[in-house]
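Asker: For the record, the sequence lines run as chains F and G.
If you're matching positions, the first sequence starts at 0 in numbering that gives the first Met the number 0 and goes up one per residue.
If you're matching positions, the second sequence starts at 0 in numbering that gives the first Met the number 0 and goes up one per residue.
Keep in mind that a hint or two might mislead.
Unchecked claim - Where chain G lies over chain F, by a calculated footprint (3+ residues, C-beta under 8 Å):
| id | region |
| --- | --- |
| 1 | 61-75 |
| 2 | 94-100 |
| 3 | 113-126 |
| 4 | 142-155 |
Claimed, not checked - Covered by chain F, according to a simulated footprint, are these stretches of chain G (three or more residues, beta-carbon under 8 Å):
| id | region |
| --- | --- |
| 5 | 6-16 |
| 6 | 19-26 |
| 7 | 132-144 |
| 8 | 153-165 |
| 9 | 193-202 |
| 10 | 277-287 |
| 11 | 297-303 |
To be clear, the hints were calculated from the coordinates, so they are not data collected in a lab.
The C-beta atom is built at its ideal place from N, Cα and C for all residues, glycine as well.
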Amino acid sequence: MTSVAGASGTADSADSPKPVGERRFSETLHFARRNPKLLIGLGIVLAFLLLGIIGPFFVGHDPNEYVGPQTQPPSGEYWLGTTTFGQDIWAQFVYGLRSTFLIGVFGGGVAFVIGTAVGFVAGYKGGIIDEILNMITNVVLVLPAMVVLIVAIAYLEARGLFVQGLFIGLTSWPWAARAVRSQALSLATRDYVDLARLSGRRTWKIITTEIAPNMSSYLVMSFILLFGGAILIAAGLDFIGLGPAGGVSLGLMLQSASQWSALQLSMWWWFIPPGLGITAIVGSLYILNVGLDEVFNPKLREL
Amino acid sequence: MWRYIGRKLFVYLLTFIVAVTINWMIPRFMPGDPVQSMLSRAQVSDPEALEAMTSYYENLFGLDSPLYEQYLNFWWGLLQGDLGISVMRYPEPVTDIILGAVPYTLALLLPAILLSWIVGNRFGAFAARSKILDNTVLPVGYILTATPYMWLALLLAWSLGIVAGIFPASGGYSFSLRPEFSWLFVSDLIAHWFLPFLSMFLVALGGWAIGMRNMIIYELEADYANYLQALGAPRKLIRRYAFRNAMLPQITGLAVQLGTIIAGSLLTEIVFNYPGLGSLILDSLNNRDFFLLQGVFLFVVVGVLIANFIIDIVYVLIDPRTRVQMTGGSS
Numbered sequence: 000m001t002s003v004a005g006a007s008g009t010a011d012s013a014d015s016p017k018p019v020g021e022r023r024f025s026e027t028l029h030f031a032r033r034n035p036k037l038l039i040g041l042g043i044v045l046a047f048l049l050l051g052i053i054g055p056f057f058v059g060h061d062p063n064e065y066v067g068p069q070t071q072p073p074s075g076e077y078w079l080g081t082t083t084f085g086q087d088i089w090a091q092f093v094y095g096l097r098s099t100f101l102i103g104v105f106g107g108g109v110a111f112v113i114g115t116a117v118g119f120v121a122g123y124k125g126g127i128i129d130e131i132l133n134m135i136t137n138v139v140l141v142l143p144a145m146v147v148l149i150v151a152i153a154y155l156e157a158r159g160l161f162v163q164g165l166f167i168g169l170t171s172w173p174w175a176a177r178a179v180r181s182q183a184l185s186l187a188t189r190d191y192v193d194l195a196r197l198s199g200r201r202t203w204k205i206i207t208t209e210i211a212p213n214m215s216s217y218l219v220m221s222f223i224l225l226f227g228g229a230i231l232i233a234a235g236l237d238f239i240g241l242g243p244a245g246g247v248s249l250g251l252m253l254q255s256a257s258q259w260s261a262l263q264l265s266m267w268w269w270f271i272p273p274g275l276g277i278t279a280i281v282g283s284l285y286i287l288n289v290g291l292d293e294v295f296n297p298k299l300r301e302l
Numbered sequence: 000m001w002r003y004i005g006r007k008l009f010v011y012l013l014t015f016i017v018a019v020t021i022n023w024m025i026p027r028f029m030p031g032d033p034v035q036s037m038l039s040r041a042q043v044s045d046p047e048a049l050e051a052m053t054s055y056y057e058n059l060f061g062l063d064s065p066l067y068e069q070y071l072n073f074w075w076g077l078l079q080g081d082l083g084i085s086v087m088r089y090p091e092p093v094t095d096i097i098l099g100a101v102p103y104t105l106a107l108l109l110p111a112i113l114l115s116w117i118v119g120n121r122f123g124a125f126a127a128r129s130k131i132l133d134n135t136v137l138p139v140g141y142i143l144t145a146t147p148y149m150w151l152a153l154l155l156a157w158s159l160g161i162v163a164g165i166f167p168a169s170g171g172y173s174f175s176l177r178p179e180f181s182w183l184f185v186s187d188l189i190a191h192w193f194l195p196f197l198s199m200f201l202v203a204l205g206g207w208a209i210g211m212r213n214m215i216i217y218e219l220e221a222d223y224a225n226y227l228q229a230l231g232a233p234r235k236l237i238r239r240y241a242f243r244n245a246m247l248p249q250i251t252g253l254a255v256q257l258g259t260i261i262a263g264s265l266l267t268e269i270v271f272n273y274p275g276l277g278s279l280i281l282d283s284l285n286n287r288d289f290f291l292l293q294g295v296f297l298f299v300v301v302g303v304l305i306a307n308f309i310i311d312i313v314y315v316l317i318d319p320r321t322r323v324q325m326t327g328g329s330s
């Protein structure tokens, strides 16, 4: 959305596009403020983000430390109870939220950069470059990402959040590349792009100033989906036991809950909050995306 | 049509080669020495035994020959169906262990994928453009797709398995029974199968419903739908045409989603301790059985490729455009 505003800003010097751009932006805002899906989705995501940022400051100890009595249900002192070892689940939860957002931004970001770069170049350049990039995209698309990740990460000695994010990014970009490519393909033959090409601008410049701003809403939505996807993949890896060593994440909480038979002991406070957190974040990201789609796409608005 | 299929086959062949190459590369080019880390995890202290094991592993990986030779040897062994010997269940060959687990995974995957696809499509088509349904089905669908597979599995195992006690929450069949073809065993098998199936079915369902709903909305905006409406065609007929057109992207979506669903089945199996490939992966990770892990990887890749190919053929059969020209598949 900000890049839409930026696009109208760059047109400032020209005389006629200015009011049009401004009107388009205020129109977008008008629909955005009246779209319940967008508002609810954004509200939930921001609430969790805030909790993940601020929450850990109010936890005075390491989240994996054995602080309290063992196997306590939620109480005034330990808001979400304690594990069989006496770890504070609330503390793990807020730290876990933080790493969940980090992995989403990082993993989703890497995938977004690769995906859009491949998509733009393939869609804009066409010809043999398109063929080759398309082939690579299809190969990576067919490979089951999670299984590749399991094998790759199993061999890694030092597993950190960023290594995990990098690997997730490297395997989850193909569909974004395909989506961006098909959009860029249709934009690349427009008159104003031809004009820019005739005026001798460099390819990179044309892609960033002519093509990308015209599909900025599309790019924002792809990033949101990649973000959510990275969170889910990371949770799955953590659950198998390939999470960041000695770290805290919502997936690792689920793993330790299932490993130390929280199910059999009916310690619902151990395994419900982390899963609920992931579901709420990713679900509201998706709903936020639908809201954005309705705001940007007039065809969907009449609902 | 043949060009279309040939092109697809080429991509799959390439993918297979890439997968095998990844499989071969990972132990050799990852930072750290896999042989050393395997040995250090085995915690052998006797230096003589350590040396023997080191040379055994290096021999096994073929680490003492030049790289290209290692690579060719790897392929040669693979083509003979030799994936190595499992460390965890020595001396069983990896191939045998995997073949024992594959039926369980398939029994979970195939019904879950097909049923969720069919039911999800129906739901989505039903919900599109009817305000009340749309506002309920859509959020539920999004929440379902956002649910991590293992969390729904945990919830179901806990609520229906342990608290309510209706279904067994762990294992492929009861310990007291031996695998045989009897009524008792088969019913036990089905009881154990139900919860993992249900959990996968539910998570996958949401995605298909949403995809179908969005496609139907786009199709109803199309010219042919408007034209039919202007002609006064009944609403039901227009929807039927829209549904048939919306099926095509959903079939492509099936191919794209396959990897995610398989990952989901692996996670679900781990929660339910179901004796399929997922539990095998967990066991091999815990026991540092890399031969087994890589064998499972190759099996999954081959399975995905075969499934993709079947989907392609179905697509060609359904969409006449691919038979005439090859643009329809947007490969």
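Asker: Hint by hint, say whether it matches the structure.
Answerer: Here is how each hint holds up against the structure:
For the region 61-75 of chain F, the assignment as covered by chain G is violated, since 0 residues bring a beta-carbon within under 8 Å of that chain's beta-carbons and 3 are needed. With a threshold of 8 Å between beta carbons, the proposed coverage of the region 94-100 of chain F by chain G is violated, since 0 of its residues qualify and at least three are required. Residue count for the region 113-126 of chain F with a Cβ under 8 Å from a Cβ of chain G: 0. That is fewer than the three needed, and the coverage hint is violated. Check result for the region 142-155 of chain F against chain G: holds, 12 residues qualifying (beta carbon to beta carbon below 8 Å, three or more required).
Note: the region 6-16 of chain G has 4 residues with beta-carbon separation from chain F under 8 Å; the three-residue rule is met and the coverage holds. Counting residues of the region 19-26 of chain G whose C-beta lies closer than 8 Å to any C-beta of chain F gives 4; at least three are required, and the coverage claim holds. Against chain F, the region 132-144 of chain G contributes 6 residues with a C-beta closer than 8 Å to a partner C-beta. That satisfies the three-residue criterion, and the hint holds. By the rule of at least three residues with a Cβ nearer than 8 Å to a Cβ of chain F, the coverage given for the region 153-165 of chain G holds, with 7 such residues.
Chain F is given as covering the region 193-202 of chain G, and this is violated because 0 residues of the stretch bring a CB closer than 8 Å to a CB of that chain, at least three being needed. Figure legend: the region 277-287 of chain G, annotated as covered by chain F; annotation consistent (4 residues with Cβ-Cβ distances under 8 Å, at least 3 required). Proximity of the region 297-303 of chain G to chain F, defined as three or more residues with a beta carbon under 8 Å from a beta carbon of that chain, is established by the 3 residues found.
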